[in-house]
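Build the complex from these two chains, which are given one at a time in their own frames, with help from the hints.
Residue strings, one per chain:
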Amino acid sequence: MDHFNFDADYLVRVRGRDPVTLAHFCDFFYLPIRNHVKHKLPRGPVEDIVQDVFMAALRRIDAGAPEDPCKLPGYLFGISNHLISRSINSAGRQNVVDIDPTLFADARDRADVQVIKGLNKSLVQRVVKKLSSRDRDAITRVFFLQEERAAAAREMNVSQERLRTILCRALKRFRMEWDNIQGAGHSKKTLSALEKNLNL
Amino acid sequence: MNESTRDTKIEMNIGELENINPMSHQQATQMNAVEMYVLSELTPEEELRFEAHYFGCEECARAVAVEEALSEVAPPKTQPWWRRLAFPVLIPAEAALLVVVSFQNVHSIPTMRQQLAQLSEPQANTVIMAREVEKGIEQGESIKTPSVSVEFLLPEGAAWPFYRVDIQGAKLPISQVIPAPEGMRVSLHVLSERLGHGRFNVVVHGLAKADVKDGPQVGQYQFNTN
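Chains as they are written, first to last, in our numbering: chain C, 2 to 201; chain G, 12 to 237.
These are computed hints drawn from the structure, not numbers from a lab.
The C-beta atom is built at its ideal place from N, Cα and C for all residues, glycine as well.
Possibly wrong hints are sitting among the right ones.
[As the list claims (entries may be wrong)] Simulated coverage check for chain C against chain G, where a stretch passes if three residues somewhere in it have a Cβ under 8 Å from a Cβ of chain G: (1) 14–24; (2) 39–53; (3) 68–78; (4) 168–175.
With the rest of the complex left out, here is chain G (with noise of 0.2 Å):
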């Protein structure tokens, strides 16, 4: 487009505004179009009639300049700081976050969940009587128990004030100290993952102190496992 064409457009352009009826200043002052304007409230109709009346009314140009201060003094509007850092740091931060309660939610909790409801009921447990050699052994106790407690009676006399407990032919070795019972019988509890299945010997020395590694044999005794 050349200059003078260009210049022609401009011309009848800005000729449709210079015919435009500007509102008078009477009408502006009862519309407030001052403040209507500011606020951008007015019609487009009435907005470009007030815009070709101020500009050929200093009052009210100088009025929207005033008033429109307050717009330029406002801060752009920009996201708060905590916005800004949304995407660098809290989104990677919030989805670890999601990841870390949410395999604690499918997994980590209902285990604990689980393993505590097992930990709350009440164990079941075996008693098993371990005779003496002599008597003989009794048909064996089957083991579905968790844990198994052996009993057996001490012979008469014995006055120690601790005992040592082997039992022998278990899985893996048994040898508890315990101190003297309120009367004879003595229960010992053990794990029975530990005590496997099949024939057990349980020696019971007597010991002068709990410290003391050895000391008389004062009963042996058998039992059984299934």
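Pulled out of the complex, with its shape left as it was, chain C reads as follows (with noise of 0.2 Å):
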């Protein structure tokens, strides 16, 4: 596991294209940038976000950055940030990096990032039909149906803050069902696979 401390001999590895080290920078920091993207800009371009913060990101890391490798993670959220503003202000895609996009095609099809692919509405809707129905009540109005959380209180007749513990509850109680469907500690699995590649 020490092959995947964020340190120097990680940055290293990263400039030389290493494709294990490059397969688990891909897969470390596509779901935190998928996310942080997402919860900023839900209708915007996603992927394309997503791969402008690698790319930019391969960018400054061939250019020497950061000077702390331990704070990678907090530099690609500052990237990341940066990008999503950009985008916000309308200032639209620059590709001025000169990075090969193809780099990240792959890594994202391995490993991890298939938490992702494996979304889908009939998934999904399996894991809540597993849910208490006042669970689903709740998630179904709010998330699925999109009404405003003041009048999906009203109609289930429970305050919002109410409103909020039972959807707080429900997500917590989705996510176990949707692991116990898909397999726990499914990251770690891919995680170990990878490092027994390496071992190799």
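Take a look at the structure:
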């Protein structure tokens, strides 16, 4: 596991385009970047911005950043934040980086990012069916029907504060049921597989 | 802005975030940061610290991705089909309906109510007694009602099953075939506007059948209107 510590050696391997390290780099940061972009720009071109963040990050890593290798996650967060702001300010995408984007395509199809590929409507609905009727009602109103929280609370005859608690609990149960279906520890298994490959 | 200036600006921007104190995993768990983040219930500062945290925490990043899946499968918030039709179809239809209803409320319904009220009111009637010609004519009746009952007595011995009554001198020709009355009094109902004003002769013919056009004259009467 030491091999994947964010240290100077890791950055050297990324600069050298070591395939295993590059795969780890992409797998590790794909979900955080995607979550971040999706949270800030739910209707935006999420995958395009994720790719922009990766390209911009590699370009800066090639140029010697970050000074402190331990701060690599924070550094990626900063780049992601910057590109999201740029997208919000309608500056548009500017592919000024000269990184080959195909470097990321394979990485995305491997390993942990598969969790996202598994997200499909029928599976989500299958998991939601396993929730209690109250949790399911709250989830359906807020996420599927996209009702305003105030209206949903009124319809469910609860306060907004209570609705937040119900939603919070429902989301936790949704994740638990999801893990039961998908198989818990999916990402750890993937990383272990990668480590084995590396040892070979 | 040249490349290096822009890069410097970006580096400064990134540098600021790099130094943010990320939320610890324990803090994130205690405050249900994943769920609160998905529900957009964190304060801006908490949100920033949690984002900085999950950039280095696989478990939280995955948890957010799974819970965000609910938003991803939600259908885009579109109007239902009947709402989408509202502008091209329903709004013109509603406008047309409004015009029709307004016209009915303002004009048609009051007019109909007025007509109905008129029809429902008891109609006043003027009774004019026609006298036999040989008895001479009386002073004319003043007619202010929409209809008039012209009455006369059949001569003694008249026993026809039907009579044809012609009123001569009316504005419009009046000729009615009536069955024999129970007594000798005949009452003929005519519209005032059809009758007009002046002197009128009433000529009565006896008919053997209702569909027979002519028969012997059984009497002649007169009356005046003013």
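Results of checking the hints against the structure:
1. Requiring three or more residues with a Cβ within less than 8 Å of a Cβ of chain G, the coverage given for the stretch 14–24 of chain C is violated, as only 0 such residues are present.
2. Counting residues of the stretch 39–53 of chain C whose beta carbon lies closer than 8 Å to any beta carbon of chain G gives 3, which meets the minimum of three for the stated coverage.
3. With 6 residues bearing a CB less than 8 Å from a CB of chain G, the stretch 68–78 of chain C meets the requirement of three and the coverage assertion stands.
4. Counting residues of the stretch 168–175 of chain C whose C-beta lies closer than 8 Å to any C-beta of chain G gives 5; at least three are required, and the coverage claim holds.
When the structure is compared with the earlier hints, a violation turns up for hint 1 alone.
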